[in-house]
Amino acid sequence: MIKSLTLIISSLFILGFTPKTQAVGNLVEVEGKVAVFGNEPHTFVGIKTEDGVYKISNAKDFKLELFQNKVVKVKGVLLKKEVGPGMPAEIEVVDFAK
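Add 5 to the 1-based position in the sequence shown for my numbering, that's all there is to it.
In short, the hints are calculated from the structure, not lab data. Wrong hints could be hidden among the right ones.
[As the list claims (entries may be wrong)] In the EDC-like style, the derived pairs of lysine to aspartate or glutamate whose C-alpha atoms are separated by at most 16 Å in a straight line are:
hint, residue 1, residue 2
1, Lys53, Glu87
2, Lys75, Glu36
3, Lys86, Glu34
4, Lys53, Glu70
5, Lys86, Glu97
6, Lys85, Glu34
7, Lys103, Glu70
Small disclaimer: the values here were computed from a predicted structure and weren't measured.
Please work from the sequences and hints to get the whole structure.
Have a look at this one:
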């Protein structure tokens with residue numbers, strides 16, 4: 006009885022600290038200029054649009070840093086909404102087109 010109770014409590018404890026996806030679930034299409042934002046060592050690759058800036062969470066997978074100052078169109082999943090100035094919306098790119 007005590008062993009099973011210990012197992013259940015430890016399982017719940019471990020599951021409580023696993024990362025949760027904060028995906029809003031919206032598939033968005035973003036078109037704009039690729040740029041690197043921020044100051045070293047806290048820089049990030051993003052896309053500047055008319056609506057604002059979108060931080061790209063997986064920019065290295067698509068080598069988006071090579072397309073700085075070029076207009077691109079990406080499709081991705083919205084991970085976080087914009088919180089305020091300096092805290093842009095974040096997307097994970099699924100499809101990329103120049």
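Report task. Report the numbers of all earlier hints that the structure fails to satisfy, in ascending order. Result -> none
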